[in-house]
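**Q** One letter stands for each residue in the lines below.
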Amino acid sequence: MKRSRLLRYALYQLSDYFWERGVMVAAIALLNLASSVISLHNLSPEERVIVPGNEVANAVLITFGTIMLLAVVFSSQELIGRSRKLGHYKLIFAKPANPALFYGQLFAVNFLGTIILITILAGVFSAVATPVSVWGIAAVTACGFILLGGIGFLVSAFVNFDSLLVMGIVGVSLLVSAYGEAHGGIATTVAKVLPPVRQMHNMSVVMIGLDANITDVIWVLSYGTGAFIAGLVALHFRELAD
Amino acid sequence: MRAAGAGCASAIVIEFNNVSKVYKTILGRPVKAVEDFSLRINAGEVFGIAGPNGAGKSTLVAMMLGFLKPTSGSVTVGGQSPRQYVERNGIGYLSELIAIPPRWRAAKALERFAVLAGVEEPELPGAVDAAVDLVGIGEHREKRIKALSKGNLQRVGIAQALAQDADVFILDEPTHGLDPVWTQRFRDIVAALRRPNRAIVISSHNLDELERLADRVAIIDHGQLRRTVEMRGTARESGGLTYQVTVVKGREKFAEAFPRATSIRDGEFEIVAADLDSLNDELGRLMVDGVVFGRIAPCHSALEQQFREAVGETQ
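Here the protein sequences line up with chains A and B, keeping their order. Heads up, the numbering used here is the position in the first sequence plus 13, with the first residue counted as 1. Heads up, the numbering used here is the position in the second sequence plus 150, with the first residue counted as 1.
Derived by calculation from the structure, the hints in this document are not laboratory data. There could be a bad hint or two in this list.
Derived pair list, reagent style SDA-like, types lysine to any residue, alpha-carbon separation capped at 25 Å [claimed, not checked]:
1) A:Lys205 - A:Leu234
2) B:Lys296 - A:Tyr25
3) B:Lys293 - B:Asp329
4) B:Lys258 - A:Leu234
5) B:Lys296 - A:Glu33
6) A:Lys98 - A:Lys205
7) A:Lys98 - B:Arg255
8) B:Lys219 - A:Arg251
9) A:Lys98 - B:Ala342
10) B:Lys258 - B:Leu247
11) B:Lys300 - A:Asp29
12) B:Lys300 - A:Ile105
13) A:Lys98 - B:Glu246
14) B:Lys258 - B:Asn239
15) B:Lys399 - B:Ser428
16) B:Lys174 - A:Leu177
17) B:Lys300 - A:Gln118
18) B:Lys258 - A:Arg95
19) A:Lys98 - B:Asp329
20) B:Lys296 - A:Lys205
So that you can see chain A by itself, here it is in the shape it has in the complex (with noise of 0.2 Å):
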């Protein structure tokens, strides 16, 4: 009986993760940044510290908020389904690889490598911007990607094209909740069942240094990772071909 060594492979896919995603998200993130960099320097430096309202810590939630939510999607989607259209998967389970395991390993890998380039950019724009809570944005985005990734993951063992869809989720379940929260009625009990996007919405505080509701931090990650373990189980069985 032979294994493959899919640990080993991990820097392998590591790799993959910052040729073939790290670095685009790494341009959009700086341009991003560049922008709030120059606008904070203007101000002095007593102005340029984050007060809950105030307007350097709506600038770093917005900025933050758009690059994790960037970096989230490019760095979670079509995970599967890529290697699916493009016929990459024949060779690569032809050895003596598991697929659950080789996809759970590769969202893993993606999971780190989208930290590690968050924390990076959070850590530069504070030592050149505005001291903000590195770690906050990180928690942050690890949620994201654990929320969006997650259902991603499922949507893609299912279909090639998991972006759109999941962006279609995404939106419709913003619209059902802000519905919902003005008008009540079916539309908050479908809110419910639907991805906790506004949730996640909620706990991007954590990244100007408030505190999240924790029921909110539970919800998100629990949805995220029921979708991701109902994915693992998809691979299991389901076609590899389409």
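Dock chain B against the given chain A, drawing on the hints supplied.
**A** Frame of chain A, contents of chain B only:
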């Protein structure tokens, strides 16, 4: 030269039992890719799969690797479900289209596949070098996959398939894109791969290739097994082989010796010979008798003849 034990081992390695595979189109219309297909491939043999485009060859290969599951019936490899077998043992597989990410470099790609095949760290550099040498891509080892020619990419594909000491090899269109030198080299590689406990399956459009390499060839069409051909007895099974003969001198004597010969044009005949030995005997006797031949060539190979008959039955 055939290795000892080739063709005489009887352990069944791959077995299809009444397998059917039905795909559904986007509109839900069922399309039968494979229908009531049964076949046994034994250890020790090189087994060919031949068929026209759309015959179901790719579906059969995908089922042997566990990429697809049969709609009904069963496929087993080494007595296990294909996926279970592959995840425990691995299969030396060469896909029809070599899909390797274009950014990877040739040697690094082979290293990755060797890691996936379970090659341990100390043996890894040696295994990669051996694979590179085996297929002669030393000068291209640092090139990106996207920069390789079709033939060199095919060689990388062959190298990754051979990077593991598997008991089952499945090679899909293995000589596609190879030049004549490497086509011959590939035949040598397959000959060296033969082992009593190993099954080698070659799916190919190239009947000449299968005729040279395979012990048996399954001819499939419209998802059904039309016939399995024992390559050692093809001429007898098909009732003889057809040759074109150009007679320069002594046409009358030739016509007497081959009364059923068909005249194609002036001095050119088509004859059917039961086997090569009897044909040589008869032609030798005529040459001693003063008949001069300009050219003798097979019209189509024994397998090709079988293929035409098998596929022709349905068309």
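**Q** So, for every hint listed, does it hold in this structure?
**A** Quick rundown of the hints versus the structure:
Taking the CA atoms of A:Lys205 and A:Leu234, the gap is near 14 Å; set against the 25 Å cutoff, the hint holds. Our distance criterion of 25 Å between C-alpha atoms is met by B:Lys296 and A:Tyr25, whose separation comes to about 18 Å. Restraint check for B:Lys293 and B:Asp329: satisfied, since their Cα atoms lie roughly 20 Å apart, inside the 25 Å limit. Simply put, B:Lys258 and A:Leu234 have alpha-carbon atoms about 37 Å apart, too far for the 25 Å limit, and the pair is violated.
Annotation: proposed proximity of B:Lys296 to A:Glu33 holds, straight-line Cα distance about 15 Å (limit 25 Å). For the given pair, A:Lys98 sits about 33 Å from A:Lys205 by alpha-carbon distance, which is inconsistent with the 25 Å threshold. As the CA atoms of A:Lys98 and B:Arg255 are separated by approximately 21 Å, the hinted pair is consistent with the 25 Å bound. At most 25 Å may separate the alpha-carbon atoms for a hinted pair to count; B:Lys219 and A:Arg251 meet this at roughly 9 Å.
This hinted pair does not check out: A:Lys98 and B:Ala342 have alpha carbons roughly 35 Å apart, beyond 25 Å. Only pairs whose Cα atoms come within 25 Å are accepted, and B:Lys258 paired with B:Leu247 is accepted, the gap being roughly 19 Å. Only pairs whose Cα atoms come within 25 Å are accepted, and B:Lys300 paired with A:Asp29 is accepted, the gap being roughly 24 Å. For the given pair, B:Lys300 sits about 20 Å from A:Ile105 by alpha-carbon distance, which is consistent with the 25 Å threshold.
Our distance criterion of 25 Å between C-alpha atoms is met by A:Lys98 and B:Glu246, whose separation comes to about 15 Å. Of the pairs offered as hints, the one joining B:Lys258 and B:Asn239 holds, with about 23 Å between alpha carbons and a cut-off of 25 Å not exceeded. Pair hint B:Lys399 plus B:Ser428 holds up; C-alpha atoms about 21 Å apart against a cutoff of 25 Å. Distance check on the hinted pair: B:Lys174 and A:Leu177 sit about 24 Å apart at the alpha-carbon level, within 25 Å; holds.
Of the pairs offered as hints, the one joining B:Lys300 and A:Gln118 is violated, with about 32 Å between alpha carbons and a cut-off of 25 Å exceeded. A threshold of 25 Å between alpha carbons decides the hint, and for B:Lys258 with A:Arg95 the separation of about 21 Å falls inside it, so the pair holds. A hinted pair counts as satisfied when its Cα atoms are at most 25 Å apart, and A:Lys98 with B:Asp329 does not qualify at roughly 29 Å. Distance restraint check for B:Lys296 and A:Lys205: the Cα-Cα separation of roughly 47 Å exceeds the 25 Å cut-off, and the hinted pair is therefore not satisfied.
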